Amino acid sequence: MHLGVCYYPEHWPQERWKTDARMMREAGLARVRIGEFAWSRIESEPGRYDWQWLDDAVDVLHEAGLGIIMGTPTATPPKWLVDSMPDMVALDRQGRLRGFGSRRHYCFSHAGYREQAARITRAVAERYGEHPGIVSWQTDNEYGCHDTVQSFSPAARDAFRLWLNERYGDITALNEAWGNVFWSMEYRGFDEVELPNLTATEANPAHWLAFRRFSSDQVIAFNQMQVEILREFSPGRDITHNAMGFYTGYDHHDLASDLDVLGWDSYPLGFLEMFRFSDQEKLHFARQGQPDIAAFHHDLYRGCAKDERWSVLEQQPGPVNWARHNPAPLDGMVALWTLEAMAHGAELVSYFRWRQAPFAQEQMHAGLLRPDGEPAPALGEAQHAADIVAQLGNVGQPVRQAAVVFSYDSEWITQIQPQGEGLSALWAVFDSYRALRKLGLNVDIVPPHADISPYALVVIPCLPIVPETLAASLESFEGQVIVGPRTGSRTIDFRIPDELPPGPLQSTMPVKVTRSESLRPGLEHAGDGWAIARWLDHVEGTMEAELVAKDGAVASWRAGSRRYLATWPLGAVLDEVTSRAVSEAELRAIELPDGLRVRRTAKYTFVFNYSSHKVAIPEAIAGAPITGLRELAPARYAVFAAD
Amino acid sequence: MHLGVCYYPEHWPQERWKTDARMMREAGLARVRIGEFAWSRIESEPGRYDWQWLDDAVDVLHEAGLGIIMGTPTATPPKWLVDSMPDMVALDRQGRLRGFGSRRHYCFSHAGYREQAARITRAVAERYGEHPGIVSWQTDNEYGCHDTVQSFSPAARDAFRLWLNERYGDITALNEAWGNVFWSMEYRGFDEVELPNLTATEANPAHWLAFRRFSSDQVIAFNQMQVEILREFSPGRDITHNAMGFYTGYDHHDLASDLDVLGWDSYPLGFLEMFRFSDQEKLHFARQGQPDIAAFHHDLYRGCAKDERWSVLEQQPGPVNWARHNPAPLDGMVALWTLEAMAHGAELVSYFRWRQAPFAQEQMHAGLLRPDGEPAPALGEAQHAADIVAQLGNVGQPVRQAAVVFSYDSEWITQIQPQGEGLSALWAVFDSYRALRKLGLNVDIVPPHADISPYALVVIPCLPIVPETLAASLESFEGQVIVGPRTGSRTIDFRIPDELPPGPLQSTMPVKVTRSESLRPGLEHAGDGWAIARWLDHVEGTMEAELVAKDGAVASWRAGSRRYLATWPLGAVLDEVTSRAVSEAELRAIELPDGLRVRRTAKYTFVFNYSSHKVAIPEAIAGAPITGLRELAPARYAVFAAD
Amino acid sequence: MHLGVCYYPEHWPQERWKTDARMMREAGLARVRIGEFAWSRIESEPGRYDWQWLDDAVDVLHEAGLGIIMGTPTATPPKWLVDSMPDMVALDRQGRLRGFGSRRHYCFSHAGYREQAARITRAVAERYGEHPGIVSWQTDNEYGCHDTVQSFSPAARDAFRLWLNERYGDITALNEAWGNVFWSMEYRGFDEVELPNLTATEANPAHWLAFRRFSSDQVIAFNQMQVEILREFSPGRDITHNAMGFYTGYDHHDLASDLDVLGWDSYPLGFLEMFRFSDQEKLHFARQGQPDIAAFHHDLYRGCAKDERWSVLEQQPGPVNWARHNPAPLDGMVALWTLEAMAHGAELVSYFRWRQAPFAQEQMHAGLLRPDGEPAPALGEAQHAADIVAQLGNVGQPVRQAAVVFSYDSEWITQIQPQGEGLSALWAVFDSYRALRKLGLNVDIVPPHADISPYALVVIPCLPIVPETLAASLESFEGQVIVGPRTGSRTIDFRIPDELPPGPLQSTMPVKVTRSESLRPGLEHAGDGWAIARWLDHVEGTMEAELVAKDGAVASWRAGSRRYLATWPLGAVLDEVTSRAVSEAELRAIELPDGLRVRRTAKYTFVFNYSSHKVAIPEAIAGAPITGLRELAPARYAVFAAD
Ligand SMILES: [Zn+2]
Ligand SMILES: [Zn+2]
Ligand SMILES: [Zn+2]
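Protein chains in written order, with numbering that gives the first Met the number 0: chain A, 0 to 642; chain B, 0 to 642; chain C, 0 to 642.
If you are wondering where the hints come from, they were derived from the structure by calculation, not from laboratory data.
Computed from a prediction, not measured in an experiment: that's the story for all the values here.
For each residue, glycine too, the CB sits at the ideal point set by N, CA and C.
One thing to keep in mind: the hints can contain errors.
What the hints assert, rightly or not - Partial selection, computed: residues in chain A whose CB lies under 8 Å from chain C:
#  : residue
1  : F36
2  : W38
3  : R40
4  : P72
5  : L96
6  : G100
7  : R102
8  : K281
9  : H324
10 : N325
11 : M363
12 : R369
13 : P417
Between the sequences and the hints, there should be enough to build the whole structure, so can you do that?
Structure (C-alpha cells):
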C-alpha cells in the first residue's frame, strides 16, 4: 500500500513547491494528487491555455520521486464558461438555480457542458498523458457531492425523455409498467413525460425510480466519456474516481465497472456527526468515529470495484470545516485509520490535504501542514503509518467469512417509499454489517450478482428488487442465509410482484408476505431481551417461527439454513438472529468489547481500538503482536500474525 | 345502513370483474363506488370518448345487484388537457408550480379548466344519468386534499379581485373594512389588490381571511357547477362528496348545502399518526385510533349535512401508505368502526378499497383483497359487520344531549392569527367534544345558525366571529352555556369589535375581555388539580369568579347558567368546567374508563372499546347486550336496547 | 429624560385627537412620535399631496405642549408606487419576491426607489422642517426589520458589482483577496460577480462577507440621503432612527455616525421569547424579560451613538402580537423598564403605542390605551414613571468599570462560518456582558476603535477581525484584558492571518492558536466546577495555563494582566475567568441574587428586581433608598444616592 496526499500547487507560491515535495517524501508519502479544481488556472480565458505552471508543478513533484494522480478539472467549470451557456447549471427540486460560486455547478445532462468537459479532459490528457510522473488519473471529483446528481433542468427533462424512449420503446409499455392508469397519469407520448418534481402531491414511485436510474446513468455516461479520452491519451495508467460516505446518488457498481480502481473519501468524524448515529454514539466516538464507519465503506467499495482494487483518495487528517461540529481526532487516530485501510486491502491512502489553505470555503479544514506551513499533528502520524506500512508489506488476500448483499436501487426504493419514516435499505445494510463486525468477523458487502459461494453466511438485509441471478445462486448456496424485510417486494418497475414478497426468493424459502406494518418508534412487541420494532411482516408458508414475541408476534422464521427476518434489522433482534446464523455457519465469532474491531487477512490479524479507554485484546486472538500491545490504549492498534 | 366498497375496474382485467362483483355481494356489500379517477380511460385523446369498458363495468356491477356511486373524474385531468392550457395548475404559496404527475393539479379559479370539468361531467352524466345501476353521484374527489384549495396563480388573483369587487362594491369600503390605513396598505382600485402571499412580512389578517373565504367560495362554485349538471341529467339520484379528516380548507357548511348527502373518508390510524395527538396517545392507540377521531367527524359532518344525511365514503381497512408510520388495525377494529358509524347515523360505510393495487402511489394501501386477489383480513370483518348491521336494522333518531358550536372561519382566524403558537379553534372544539364524550354523552357539533333548543348544554369553545343569530338564540336559550376564549373577538372583517370581546355575546353574559395573554407551555397558574395554561383573558363585568388559581388568576367566570372560560379549553380545567356545566344541565354523565365510548340512539345504546385491554362496561349501562359482552375485549363492541 | 409615545392620528377620528393629546400630557408625556407609516395618506395618488390632516394633527399635538418626533414614511411605499416600478422590491435568498402587502417592501439598492424616497422625504421636510412643534426627526422605521437588509435582486447585484469595483479597484485584487483560485472561482471582471446566493453549495465566505458589508453600506447610504435632506430643511433638529433588539443586519456604528441620537425599540418579553434563551429562562422571566436584555441594548447602542446620545423609541407596554407566545408583563415592569433606561442614560423613553388599533397586522399589540379608548394598565405605570423621572432629574455621567468590545463584522463572520453550530459573536458578547452584570458592575459595550483607557477591565469575547488601532491601544492599556476564541482569527478579507490567530494581538500576548476544535453540546472537558464546552483552541507560546481541566485540556491561559480564553465564553468557565479578572482589576464586585441588577451613575445607584419573588438588596449597597424599599417586591426598583 502507498501513502499519498492531495496537493494544490496553485494555492502556494512556486518557490515553496520544492520544499513541499521534499517534506512529502520525508514523511514517507509516495503519491500526490493534483489538478482537480484548477480549470480557471489552466484556461483563464476561453481557449487560452496556461500550462507552464502545471508543467512546472508536475516536474517538481515527479523529480522529488512522487507518483502523480492527475485529476480532470470538470467539477469546477470557470465563470466564463457558465456565462457562455447559463443553462448548463442544474435546477434543484424546487426549480431553483444551482449557480456559479462554489463547485459542481453543472447539469450532467447538458450536452454543451459535456462537450466542454470532453474538450478540457482531452487537453489535460494530451498534455500529461505520457508524462512519466503521472501514475494514474482521477475523473472529476466526488460526483454527486452537495446532492448534485439529480437536476430538474430542461436539459435533464429532455434527456430523461430520450432515456425513457430507449428503455421502454413505446409509451404504452411505460404506462403499463408504471401503472399510470392510476390517477389518469397515462401519457400519449414520451414528450408528455415531465420530471417527477413539482407535482401537486407525490409522483408515481415508478416515475421517481426511473428518474433515479436515469440520473445515475447520466453520471456513468459523463464519466465514461472522460475515461475513453484518458485511455486514448494515457494508455496503461489506472483511472479512478473518489466516491463518498453514506452516499447513494448514483450506482457505484456501474461506475466502478468503467474504472480500474475505485477510490473513496474517508472522514470518520464528519460522517459520525452528520449521519444517523445516536446522540450517545456521537458523543462516545466524537474524536474517533463510530468504529464501523470507515470499515463499512472499505468493504462496500471493495465490493463495487473491479478486481477489488480500491483506495482511500482522501483521508481526514484533523478537524474539518463541514460538519455541524468539528472536533479533532484523538492522537493516533490518523495512523489507526491508515492501518485499518491497509487491513481491508487498500492500494493507497491519500491524506486530504497537504497544507491548510487560509482562504475560501475550506479554510477551517486541517491538513498535514498548518496554514503557516509548519507541521500539523497529522504529519507525524502519517510518517509513523508509513513506517508500519513498509514493515508489514503485502497483507495478503482477505479472509472470506460473511457477505452482506446491497444494491443501489434498494436505497433508492426505500428513499422514494420509506413507508415508515426513516427506514432505509442502506442503513439496514450498515446495521447488519455492524452486527457481524461486533462478532469479530470479516464481512464483504457484495452486489446481488456476486459469487456468494466463498461465504459461510449471506445476509440480505433489505433488497426490494431481487434479480433472478441472486435467486438462482441462493438456490444452490449451502451456507446460512438471512433475508430481511422488503426483500423481493418489488419488480424492476416498482410494482409489488404478482406472487407477493419476497418474490423470486420464494424459490429458496417457503414464505409469502401477506401484509406489512410499519411501526412508530416505541411501538414494540417485546421478546426475550429483544423486540420487534419499526416493521412487522405477516407471512404465510411453512417456515417455522423462531423468535416469537410475548404477544405471539413472530420476529423471525426459519427453514433449515434459511431465515426470514420479519422485522426491521435493528438492535437486539438483529444481534440475536445474526448470532444464531453465525453459530450455525460455524464461523469463529468473538464477542468484542466496546470499540474494538478485528480484521483478518491471509497474513495478519489486525485489532483496532476505537474506544476512548484502554481495552485488553480477547484471548481468542492469541500470542504476541508483531506491532502494538495486547492491551490497547485509545486510538491504538495491534497486528498479529494470522493464525 | 348500507355497506359498500370503492372499486377501480380499470385497474384489473375485465375477466376478473364478475368474480369481484360476486365476492362483494357475498361479503354483504350493497354499494360500489367507481369512476372518480378514470378520465384518461374515458377520454384518452381530446374528444375521443371510450365508453365501452365503463358501460361493461357498470353492467357487471349492476347485474350483480350492487348499487353504483359514480364519481366525476375531475380530480385527475389527463396530461393532454394540462398541456393544452399549462396555466390551469395551481401555484403554491411560494409561487411554485403544482404540476401534473399525481392528482388535484388544477386551480379552482381557472375558467378554462372549469369549462373542461363541466364538459366531462356532462359527458359522464349524459351517459349514465338514467342507468338503473346508478344510485348516486359523487362530485370530484376530496376537494382540498394535498392542500389544494388555495392557489396563488394569476387566475386566482384575477378571480380574487372580482370576488372582492362583488363583496365590497367600492375600494374605499375595502380599505376601511381591512384597516388598510395601517402601514399605507390602501388600494386605489380592486386591480391593485394582490394575493396575500410573498409579502415582505405577514399580510393584513383581513386580507388573508378574505382570501380564505374566496378560496372556499371557489370550491363551492366548482362543485355547484357539477351538481347542476348532474341534477339535469340524473334527476332523483343523491349527490355526495367525500370530505376529509381534520380538514378546514373550505367551508363544509356551504358545500353541504348543495349536496344531498355529505360523505367523509375515515382513516383513524392515519389521522392519529399525522395530527396533533401526543406521542403517548399515538402509541397507546396506534392500532385503534384515538377513540374520538371517527366519532368527532361523524358528528361534525352530520351537523354540516342537509337533513343530517351523511355517510362514510372511505373506511380504512388495514395499513395505509400515507402516514409517517402505518401499522395495521387490531383485529376487530374494522368492524367496530363500521358499527360506530351506524351508531352515529351513517347511511353508508364504504371501504376503501376493494383490492390493493400493486402499482403507483397507493400500492402500500390495504384493501379488502390483497394484491394477489385473495381476501385480506378486512374482508371477514366487513362480512361480520354486514350481518350485525342487518340484524340491528334502523337505529332510530340520535339522542340530543350537548351541542358544541363550530364554524369554519373560526379555524381560519386562528390559523391566520394564532397569537399563541399552535392555538386552534378546531382543536379547541375537538378537545371540548372529547371532554363531553369521556362523560358518556352524545354530542352534536353544530354551526352557529343551528337550532340549539334541543340541547341541555351548549359549548362554544372558540368562535371569534359570532353571528347575530347565535347571540339571539343564546339570549332565549335556557340550558347551560360555556363560552371559551377568543369567542366574539372579531368582526366579520377581522377587527376587534368596538365593544371588545366577546362582542355580541355581551348581551347574554356580563363580561368584557380587556386584555388577553398567550402563555408558553409550562407557564401555568395552578389551581386545585387543574391549571390555567396557554391563554388567559382578563375581564371586566359582573360575572362571579368560579375557578380561581392559587395566585388569584381566574380560569372561569359564571353568571347563572352562563360560564366564560378565560383560559384555553384544554386538559383538567376543561374537564372541571365541563363537568360542572354537565351536572347543572342534569345530563346523565358516566365517567368512562380509558378507551371506552358510548353512543345512544332512540333504539340502542352502543358501547365501543378502543383500548388495548379488556374493559368492563359500567353499571350505569344496565342489562344484557343484544350483541357483544358486558366485558369487552380490545376492539370489541356491545349493543344494548335503549333504556 | 423625557417620556413620549408613538401615535397614529390617521388611525382615529380627528375629533378624538384633542382628547388624546390632553391625556398624553396628563400622563406626563412630553414627546409624541408620528408619521412614519403615513405615505398613502400624505400622497394618495402620485404627486397629489394631502397635508391638511397632518397639519391639523401636528398643530393639535403642538398646542397641547407635546414635542413632535416626525418620521419619514419610506418604510411603507404605497401600492401605486410599487406598481409603477415593480422591480423596486427585494428578492429573498431563494429568489422569491418580497412584495407589497405589509411593509419594508423595497430594495435598498434600487435607484428609482431611492429617488422616490428622497422626494417624499423632501416633501415632508419642506412642509414641517421649521414647524415649532417638531423637535426631531426619525428616518424611515427599523431598517432591516423582517430581515430586509439583504436583497438578492438584479438591482442589488448591479450595485454590488459597482461597490466591489470601488473597493478592490481591479478584479485581480479581488480574486487574490478572496482566494478565488480555490475551486476555480476566479472572475475576469466585476461584471462576472454574482450575488452569493443560489450557489450549488456554500459560496466563498469572503464573498458573503463582502455582500454583508455592501448590504450594510446600502442602508447607511439610504439613511445618509434622508439625513442630508432633513438637515437642509430642518436645521438644528436632532435626527434619529430606531434600531432593534439582537439585530446585526447593518453596522450600527456606521449608521449612528450620521445621526444625532440613536434610538432603539425595547420589547423585553418578545425578545426573551424569540431569541436564544433556554426554556427555563423563558419560563422564569416570562413576564419580566431576562434581566440583561434591556440593559444590554441600552449599553450597546449608547456605545454606538455619537456622544453617547441615545433613547428608547419604542417601549413595550403590554402583550405584543409578534412573539411565539405573548404574555403580559408583571404589574410594575413598564415603570421598571422606564427607570432602567434612565439609569443607563436614555434621553427619551417613548412607549409604543398610544392606543391599540383594532385592525390590521398589529391588532393584538397593546398600547397605553385599550382599543376602546379606555386606559390600559401601562398608562398608570407611565404616569408613575413620569413622576419619578421628574423627581430624580439629571442622573449624571455613567460610572466606567468594564468594557466589552463588539464589532458588527464579528457577528457577520460567525454567521457566515459558525464552524460549530450556533456559535455566535453577538451571543458571546451578550454572555460576557451578563457575566459582568451578575457581579453588579457597569459595563460599556464599545467598538474596537473606542478609547479603552477609562476602564479597569476590557473583555474581547469574539472579535475575528482585530483592527490595528485596537491592537495598538491594548499595547498601552494597563488594565486587565480577557481575549476570547476566534479573536484575531481573520483578516479584513476573511482569511486566516499569516501569523495565525489571534493575529495582531500577538503583540500584546504571547499566544498562537495552532488548531481549533468545535465540540457538540455534551462533549466537555470537566474542570473544577466548570467545563470546556463548544470550542477548544490549542495554542503555542509562553502564556501560563490558568484553568486546566482534569484531562489536561487548558481552558484559559494568562500572562500578567492578559488572559486568553481558549474555550467558548459560556457558563461557569466564563464566570470563573471573569471573576478572576474582575478581582485583579480591583473592581467592586457584588454577587447579586437571582434577578437583581444594579446600575451606577455619578448621582445614583439604581437597583432593579427582575425576579418573580421578593429580594433583599445586598448590604454592599448601603443606606436608605431615595425611592423604593431595601426589600424589593417583584418588578420593583430602588434608587440610592451614589456612594
Ligand atoms: Zn511504489
Ligand atoms: Zn338497500
Ligand atoms: Zn423638556
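If you test the structure against every hint from before, which numbers come out violated? 13
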